[in-house]
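First to last, the protein sequences are chains C and L.
Okay, so the first sequence: first residue is 1 according to the working numbering, each after it adds one.
Okay, so the second sequence: first residue is 362 according to the working numbering, each after it adds one.
As a list, the in silico DMTMM-like pairs of lysine to aspartate or glutamate whose alpha-carbon atoms are at most 20 angstroms apart:
no., chain 1, residue 1, chain 2, residue 2
1, C, Lys129, C, Glu139
2, L, Lys494, L, Asp473
3, C, Lys283, C, Glu270
4, C, Lys277, C, Asp241
5, L, Lys494, L, Glu454
6, L, Lys545, L, Glu534
7, L, Lys494, C, Asp241
8, L, Lys494, C, Glu213
9, L, Lys494, C, Asp212
No lab work stands behind these hints: they were computed from the structure.
These numbers come from a predicted model, not from an experiment.
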Amino acid sequence: MSGPVSAGVAPSGRELTGWGRALRLQVIIGALLGTVSTIVGLAVGGYFWPRWAWFVVGLTLAGQVAVRGALRKPGGRGVAFAVHARLTVVLAAMEVTIWALTGGGLFWPIWALMVLGLALGAHVWVLHKHPNRERELTERVDQLTRTRRGVVDVQAAELKRIERDLHDGAQARMASLAMNLGLAEELVRRGDPDAVASLLAESRNSTLTAMDELRTVMRGIQPPVLSDRGLVGAVEALALDLAVPTTVIATVPGRIATPVESAVYLAVSECLANVVKHSGAAKAWVVLRHRDGLLSAVVGDDGAGGARLGGGSGLTGIVRRLEVFDGTVEVRSPAGGPTEIMMEVPCELSSPRTSSSSETE
Amino acid sequence: MRVVIAEDLVLLRDGVTRLLEAHAIEVVAALGDAGELLALLEREPVDLVILDVRMPPTFTNEGLRAAIDARARHPGLPVLVLSQYVEQIYARELMASGDGALGYLLKDRVSDVPSFISAVRQVAAGGTVLDPKVVAAMVTHHGNGARLAALTAREQEVLSLMAEGRANTGIAEQLVVTEKAVSKHINNIFAKLALPADTDGHRRVLAVLEYLQAGTASG
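Model the full structure from these sequences, guided by the hints.
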């Protein structure tokens, strides 16, 4: 049972640490003592007492090696259990060895072994019964790392899209507008009013298109009605513009923090866009509710069903959006419908005075 | 005609003021926010209020609320709401605030000066002028799907132009058809939507809008 127990990965690798060096020294001294006592014991004859010298040396070393190996396990409750398990093995071995060295007979260590076994069993039970905080935290860190990367990716992509839209759209139109106006100026000097009039008309149209494009870009950043009316008002406004009749039932007595509001609005509007595009539904509904620090949004339709998460569907984007706020998305969409997409995000309401509880269609 | 303007962006406020004055419309006051508006309406007789949806202090929709409040206190007060964006829900709230004497347009429309001035005069005279974008949203709205689906594409076009407050001549020009063809389309629309035909342009618009609004409310 002695020998290097190298469970886990020690950061020091094969290098000997302070304890390691001390152990090596102990091994040498122990071997020396054992050998000397063996020689003396053999020379004197009679009862072979040096066996106890070997026993003490062996026990000391085994105990240390076992604990040291266990401590190399990566952090937390796992270490406590590893130390416990290894000490149990060492103690059990000690009992059995003492029994053997004292000449066997009735196997009395059974009682001690049973106690040790019970203690270890209790430890396993405790670990199993209580949720593993350590694993929870590890998972949480993983999730945070993943969602943080997701947010950064999504934001970077959105900024890039906005930049491109502005560059190719409004900015290009402004440039052509400036050119047209310059040309018009020249035509005025030359005295060609008809050409000027047509250039000006063209310029005006160009301005209007630029404004339309800017509106689209702004709507993509933050729909104005969301700033004006909050989540419920914005969803109601959205429902009015849909080709599928959509009922909105809302019990949200207050205003939600802007980032959550924006994420949930975009998630709901993505779901509703899916309803219009894919479901073939005759009617749809949105239920918004805030209760016990949890905002839930359910988007349902009586369409064909068969919607699912993953597979590059728009639903993946929704999950990514809400995950950032520890939100969850659940899809119930049997073939033949109806489909319900349930989203939940923990959040607090800010100002209950702008109370809103309404039902619109 | 005496007009009050409430718009927080100086550039646009001055632009609209200049535009109106160039068309012999008197601008009684040009305000920077909606707060002063109600007080001013108590003092001054006004033929039309032109106001922006988004204004201080919260820069959300106080202009819209002010318009609705003003119409509650002064029933029939003509109000023309201008905005950088239009929402069907706002149009419906405005329409619910009183009969007619209402305009709701994108600020873009101001650039078409003759149309804008004509919209101003129509609203002041008690007419209703809605932005084509709002009208389009209402016309395609599900609530009227069943009955509106009976309309041909051309008739839907005519209906949306009617709802913008255009007369037959205007519609005929826009669609490049004869006026006779337009009135035929209109009669078909009235028949399909079960509306009584009417020669009065303004009442015609109201009828269409009321129909649309009723459709959205019950649909």
